[in-house]
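Single-letter residue listing:
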Amino acid sequence: MMSYRNSMVAKSAAKRTFASIATTEKVLPKKYGGRFVVTLIPGDGVGKEITDSVVSIFEAENLPIDWDRVDISGVDRKEDVKAAVDSLKRNKIGLKGIWHTNAADQAGGGSLNVALRKELDIYANVALFKSIEGVKTRIPNVDLVVIRENTEGEYSGLEHESVPGVVESLKIMTKAKTERIARFAFDFAKKYNRKAVTAVHKANIMKLGDGLFRNTVTRIGEGEYPDVKVDSIIVDNASMQTVAKPHQFDVLVTPSMYGTILGNIGAALIGGPGLVAGANFGREYAVFEPGSRHVGLDIKGQNIANPTAMILSAALMLNHLGLETSSARISKAVHEVIAEGKSTTKDIGGSSSTTDFTKAVIEKLSSYK
Amino acid sequence: MFRSQVCRRTFGRLLATKQPTIGRYTGKPNPATGRYTVSFIEGDGVGPEISKSVKEIFSAAKVPVDWEVCEVKPLLVNGVTTIPEPAVKSINKNLIALKGPLATPIGKGHRSMNLTLRKTFGLFANVRPARSVEGFKTTYSDVDLVLIRENTEGEYAGIEHVIVPGVVQSIKLITREASERVIRYAYEYCRAVGRPRLVVVHKSTIQRLADGLFVTVAKEMASEFPDIKLETELIDNTVLNVVSNPGQYTDAVSVCPNLYGDILSDLNSGLSAGSLGLTPSGNIGHKVSIFEAVHGSAPDIAGQNKANPTALLLSSVMMLNHMGLNEYADRIEKAVLSTIAAGPETRTGDLAGSASTSSFTAAVIGKL
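So the protein sequences, as listed, match chains H and E. In terms of the numbering used here, the first sequence is numbered consecutively and its last residue is 369. In terms of the numbering used here, the second sequence is numbered consecutively and its last residue is 1368.
Treat the hints with caution; some may be incorrect.
Unchecked claim - Reference excerpt, derived from the structure (chain E facing chain H, CB under 10 Å, subset only):
(1) Tyr-1156
(2) Ser-1179
(3) Ser-1204
(4) Asp-1211
(5) Asn-1258
(6) Leu-1271
(7) Gly-1285
(8) His-1286
(9) Ser-1297
(10) Pro-1299
Don't read these hints as lab results, they were simulated from the structure. All residues carry an ideal CB built from backbone N, CA and C; glycine is no exception.
Based on the sequences and whatever the hints tell you, model everything.
Given below as C-alpha cells:
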C-alpha cells in the first residue's frame, strides 16, 4: 500500500514538471487535526541551543506545530542523512541547524548538509541580509538577498586524482538547473516586490560553465520577467562592490560557491551570522535554516549564541505554512528586543545569554494583545 | 632609526621592502651607465596617461631606470592568444616589467592577455597588498592585508567541455607542484616581511581532494618554517572575519588557490580603498616578474586626463623594492601617499577629488 502510494506521488511529481501549479495535496505540509508536523534537525555546534530557543517561543505562543526531531551529527559522522531525509519526506517541511563537516585531512566523509540538499533536491537557497535596528554596523540600511544554487556547480563532489599530485575537481553547470534557479530568483523578486536580479559569475574565465549561468539568467529575465531588471556582475567585482557599496544590489543569484562568499560578506555587513535568516526550497520540500551556514562549534554549549537567525528562519517557516500573523508577531518581538538592546547576546555587543534573550522575546510577545 | 620610525608612523609602509629568497630579481644595471632597463607595457584605455605619469615621476626622482616600451596587442597564433615576439624578448632580457591595464575582449573566445602573460613567463605567485591609505577615509580604517594567490592553475586551467547540450563541466586543476611553489613563496614572504602567521584559505570540506591537496602541501611544509605559524581557514570564515574585522589579519599573510585569491584580493581592495584604484600588485616568477595595476582600462575616460595613476605608481614602488632600489621606492611611495592625504584638491575624481592626472602628477613631483 505504502509503496503504491509512493509511486503515485512520484508519478504525479513527474507529471507536474510540465504543469503550472501543484495539483495534489500530497505535496503540501502534513497537517493532522489542525496541527502541523515539522522536522526539527538541531545539527551541530550551537544548533541545539538556538533550536531550543525556537521551540520554547513556539510553545509560549501555543502554535499548532509538533516537532519530529532528528538528531544526527556530522562531528563523529556515524550515520548518513537517511533519517533526516525520511522525516522530511513525511513532513515536507523542516527547521534545521547546521551540521559540521570535517576538513579533508580529518576523518569523516563529505558534508551532510550538501547530501541532504541533494537528496531532497532543495535547489534554491535564500539568505536575507537586512540591517537590524540596534545592531551597530559600519554600513547602515543593508538590504540584500542572495539566492544560491544548492545542488551542482563546485559542490558536485566529482573529483579525482589523475596521477599522484594532480587533482581534477569538476564544476558542473546545467541549463536545466540554471533555468530553474533563475526562474526562482525572478519569481522571488516579483513576489517580494524586488526591483532587480543580478547574476554573479566568472564568465570571463569559465566561459562555458559560468557563461551558461550568466546567459541563462539574462535570457530568462529579459524574456519572461520584463518588469524585473536583470543584470550581471563578475564575482570578484561583486565582492568588492558589496563590501564598499552594498546598496547598489537587490537580489543576487549565484552558483553555489559564489553564494558562500557573498553570503558571508552579507553576514559580516549586518552584524554576523547570528542574524541571517534563510531557507532552502525545492519543488516538494522546504527546509528553513540560518542563511549564513556557520556551525559555531567553538561556542557550543556556552549559552552565548545568538538565536536570532534561527528564530527569524522559523518565522519564515510560519509564513510558508500560512501562519502569517504568528510569523509577524515573532519577527516583531525579536526586532524590538534587539532594538531595545537590554537583552542582546555577545556577538552584537550585548551580554545576555541565549536563554535570557529567548525569555525577553517571550516576554515581549506576552505584552502584545 | 628614530627617523624611520617617525616616517613609519606618519605614512605607514604600504609595501614591503624586503623580499623572499625565491623569485628574486637577478637583473644587473648597465655597467656603463649604472642604470637598469625595465620593460614597460603601457596598456590600453587610460594606460598611456598613467604610464606617462609614472615616467615623469621616475625621472623627477632620478630613479636609475630606463624604460623599454613594449606593444602588447593580442595576437592569435593557431587559435591561441599569444604575446608579440618583441615584447617576449624584451621581458625575457630585462627580467622585469611594469604593466598598465590591458583590455580583455569579452566573449571573443580567446584567453585574456593577463592570463597569457602569466602562462608565458611562469608567473606563479600574485602578491596583493591592501592597506588603508592615511588621509583617505573609507568605511574601514584598519585594513592592512597581504594576499598571495596561486596564479597558474586551479579554476583558471581553462579546461571546459560541453558533455551533452546543456551540461557543461569546468575542471579545476590542482597540482602538488604548483601548490608547493606558491605556498613556499608565501612562507618565505612571511619571513621576509616579518608577519608571523600564514593563513591557508580553502574549501576542503567540499572540494576534499583538490583543496585538500593544497592544505596538505602547506602542512607538510610547515616543519621547514618553524618560525611561521600555519593556520588553515575555510573561505567562509575568512570572508566573514575579514569583513567583520580586517584588523585581525595585520600579522598574517594569506595564501590560496587561484579563484579564491582572485575574489579575496578584490574584496581586500574593497575594504582598504573601496575600489581597485589604489591597489598595486606583483606577479612573481622564478625568472621574470611583472608588476601591474589591477584595475581595468577604463575606456570611458581614456584620453581625458582624469585617470588616477596611483595603482600603477604603487606597483612601480613594489617593483623598485623587488629590484632592491628601496630608497627610491620609499621616496616615491611617501610622495604619492602624502599627496593623496593632502586633500581632495590633489586627488583624482575616483577618490572624490578634483585633480587631473597631470595635476596629481605635478603634486607628487612637488612632494619629491
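Results for each hint:
{"no.": "1", "hint": "Tyr-1156", "in the structure": "holds (6 Å)"}
{"no.": "2", "hint": "Ser-1179", "in the structure": "holds (9 Å)"}
{"no.": "3", "hint": "Ser-1204", "in the structure": "holds (4 Å)"}
{"no.": "4", "hint": "Asp-1211", "in the structure": "holds (7 Å)"}
{"no.": "5", "hint": "Asn-1258", "in the structure": "holds (9 Å)"}
{"no.": "6", "hint": "Leu-1271", "in the structure": "holds (6 Å)"}
{"no.": "7", "hint": "Gly-1285", "in the structure": "violated (20 Å)"}
{"no.": "8", "hint": "His-1286", "in the structure": "violated (19 Å)"}
{"no.": "9", "hint": "Ser-1297", "in the structure": "violated (14 Å)"}
{"no.": "10", "hint": "Pro-1299", "in the structure": "violated (16 Å)"}
Going through the hint list in order, the structure does not satisfy hints 7, 8, 9, 10.
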